[in-house]
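Enquirer: Now for the letters of each chain:
Protein chains: 2
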Amino acid sequence: MKRVPLRSLLIAVGLALPFSLQAGNTPAAVPATKTPSPKYVFLFIGDGMSMTQVNSAEIYAKAIGSKEVGIKKLGFSQFPVAGMTTTYEAGSFITDSASAGTAMASGNKTLSGIINMDPGKTRKFATIAEQAKAAGYKIGIVSSVSLDHATPASFYAKVPSRGDMYDIAVQLTQSGFDYFGGGGFAQPKGKNKDKADVIDLARQSGYTYVNSREAFQALKPISGKVLAVNATLQDASAMPYEMDRKPDDLSLADYTRKGIELLDNKKGFFMMVEGGKIDWAGHANDAMANISDVIALDNAVAEAVAFQSRHPNETLILVTGDHETGGMSIGFAGTKYATFYDKVSKQTMSFQAFTDGFMKQYKAEHKGTGSFADVIPVIEKTFGLDFAKMSSDEKTQIERAFVRSMGGEIEKNPLENDYLLYGGYDPLTVKLTQILNQHAGIGWTTYSHTGVPVVTFAKGAGQELFGGYYDNTDIYRKLVRLMKLRVNANSTVAAN
Amino acid sequence: MKRVPLRSLLIAVGLALPFSLQAGNTPAAVPATKTPSPKYVFLFIGDGMSMTQVNSAEIYAKAIGSKEVGIKKLGFSQFPVAGMTTTYEAGSFITDSASAGTAMASGNKTLSGIINMDPGKTRKFATIAEQAKAAGYKIGIVSSVSLDHATPASFYAKVPSRGDMYDIAVQLTQSGFDYFGGGGFAQPKGKNKDKADVIDLARQSGYTYVNSREAFQALKPISGKVLAVNATLQDASAMPYEMDRKPDDLSLADYTRKGIELLDNKKGFFMMVEGGKIDWAGHANDAMANISDVIALDNAVAEAVAFQSRHPNETLILVTGDHETGGMSIGFAGTKYATFYDKVSKQTMSFQAFTDGFMKQYKAEHKGTGSFADVIPVIEKTFGLDFAKMSSDEKTQIERAFVRSMGGEIEKNPLENDYLLYGGYDPLTVKLTQILNQHAGIGWTTYSHTGVPVVTFAKGAGQELFGGYYDNTDIYRKLVRLMKLRVNANSTVAAN
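Chains as they are written, first to last, in my numbering: chain A, 1 to 496; chain D, 1 to 496.
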């Protein structure tokens, strides 16, 4: 395929060269490879997914079907290559999704909150997706959260703040990328709802916009550039948690399969697919929502694996995380050496569905007058908790959280502890998932991300580059090298 | 070198074939390899060491020398190959060191507490060290905890209970292995102190016994079989925590270097070196003791790396963990996205040294009459905590723990919570390390082990077998295959 000089392209659009490609920043960590350049590249990102999240899904998958101890491996955890990846950002050992996305998409460390700009917010970075686009690949971006969220944005936008979601969305419409699918937009008309609707801007840029299951399924390669927003959006314009998804709702796997159908072409494609709500469930310390979204991501990966079976020598599939969320562990002090993962399977909806559903309605109906006895049957049914078998301390914790949810203050439970106890979530809901998780033997240490390294699984053309222990910026470097997008000493893209 | 038929050997000593080598249990996961059989094999086991422990040591090593964000990699974390290893045992997702040691040493899953026997406690398993010994390798076993502890015992003993420490020690004296070094014996004369001293038994079996630094340093290959017990033993006949080690005390690296000197011979050697107190520090939620013992293990690995540089094509070095301990995370709710690893460097001694030193003396001198104000200066000096800057809740937690340490009971702090709060440790000590760790941004979820997979790093001849994601029993299988100890369909050891 025809390649264009990258330096010229970058200068033309006013971009700095990626850090790793500037003089003196030779990507020495990338070993020489004779692997042919993969034509089809999938990058799956489990937001907030590290080894514990993957292994928890494997334990869960085994535990719900059998009393036998063992794991049922996911599809992607059976990939032939697995490496460990550090995720720290420029100013902290704990990254956010903006700096982690920037690292993987552009090879540069920056500060949390910043997308594809340096910590001083002056230089802009080219992304792997832009470089691939310039080299002739078609580009797809899929996410279960809103398409203007930090992780998907890291592949097409450059903004000083991830909160500039309208700016991000506008850059989406200007990206020229071929396929966007999944969640919607957090600020489609800007923060003050006074800007041009990004859907209109996308249409003006030539995108076919769909947001129904039927229109989505009717999409064909002749549809041209596509922006597909899910019909059902749950929280913050994101697709529903997998455990809340109705049979008629499209899944992350549906968006991935459609992407393959639309992007498949002789010059190849690069598709990034994010399982974004693994992270959100981690923040809320909700193991069941976390695990089921890891499994949803694995189902999406299965679509790529099916495609790869038809193009075995030309396809690379990577599955990684951008950071760990929650300090999740397969072990809790109260259960010592035992785990009971089948217990979380009793939870019937995500923390979000419970907060937005029952809790919202109950609070509206019982302003300051709620009775804890009222809610116990609902709690028992929704979370599979049995009050008769709980310790008095657990019951006290739950009742205090209920009072706090209803707006009351608690004696001996000062407000200085509110964040440690509830992390800003609905107090009753978060306490219920925490205690259910503890019964299962699952512990959490934080409502934020952690610095625990993530795992990168690889299968296909070039997989051998992704073993070992390396940094998230190396994912960019390895991909650029492998896809022959590497800028050499003459700063031009090496010809194929 | 001459190889003997394994089946004959095993039958002769009354052993069952390892599970993985029985008919129908082909170790299919082990890919074919053309790598020459390594002559020198090192297996380093960080007890309780998973990715978080390794990365924490790397963050700490960087943080104490620089304000810059980044990691200072350990020697072994720079090894070219890294894989992930599941650790579950036959009856639980969370293993202990006996079943994990059995898995790595014999390729068999068993129950926690059992060493080299099946869950029914009837069949015995041959170990990789015994198989290597039979094939002509010299064998060394080093541990920073007592030599009769579960991990070292897994390479030479077969007992229904790891608590049978005298039986284990007797089996050590009968093993014929060439070098034992590190900690001492927990029950040298049996539980009731009425049995023959194992040191005498070892001498009768031809071992040269040393337990002084001078005698240790004088050991030469002509010393024959060696049993070297550290002059200074801290808790449970273990070597001191690295942070409590006096300049004159021998280190894990010293025991490793001496082992290399004594074992080096034309037919090769197999040496297992355990950093056993990483685990003990994890149980006690003491990050500084944990990190410094990971660094001590890395220093021991450096001795193997130095040896390997002289025998690059004949040496394999593996560094793994037997399980994770503590649910350690690089992130705590109270510090959100920040970490402050330099804070733990202010801790001047291990939890154990504080409990055995100051606390023991203070409790003896102030039976029920202690004053919290008395101990605050000691706490501040020992753990680098500043009471003036702590939250009222933290101060309350510490004062309650102090009262509990002094034998009092706490209103609003019922005994049902004692284990959750203190895990059976001295209440004040464990609360101090927990709060110091929280200030550093380090969280813990349990006082026990967890099911979080561990990392296996590999360097040298056959390293390529140790990438990917596999089970701890596969470590045995891969080693047996690589060292040509594998039993083929005819159940004999394949000739070299």
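Hints may contain errors.
Which copy is meant is left open, because identical chains are indistinguishable; a pair holds if it fits in one copy or across any two.
Claimed, not checked - For lysine-lysine, the following DSSO-like pairs were computed, each having C-alpha atoms within a straight-line distance of at most 30 Å: (1) Lys336 with Lys395; (2) Lys193 with Lys225; (3) Lys220 with Lys62; (4) Lys193 with Lys220; (5) Lys381 with Lys62; (6) Lys72 with Lys193; (7) Lys73 with Lys395.
In case anyone wonders, no lab produced these hints; they're calculated from the structure.
Enquirer: Taking the hints in turn, state whether each one holds.
Expert: Evaluation of the provided hints:
no. : hint               : verdict
1   : Lys336 with Lys395 : both (20 Å within a copy, 27 Å between copies)
2   : Lys193 with Lys225 : within (26 Å within a copy, 81 Å between copies)
3   : Lys220 with Lys62  : neither (38 Å within a copy, 53 Å between copies)
4   : Lys193 with Lys220 : neither (33 Å within a copy, 82 Å between copies)
5   : Lys381 with Lys62  : within (24 Å within a copy, 49 Å between copies)
6   : Lys72 with Lys193  : neither (47 Å within a copy, 47 Å between copies)
7   : Lys73 with Lys395  : neither (36 Å within a copy, 45 Å between copies)
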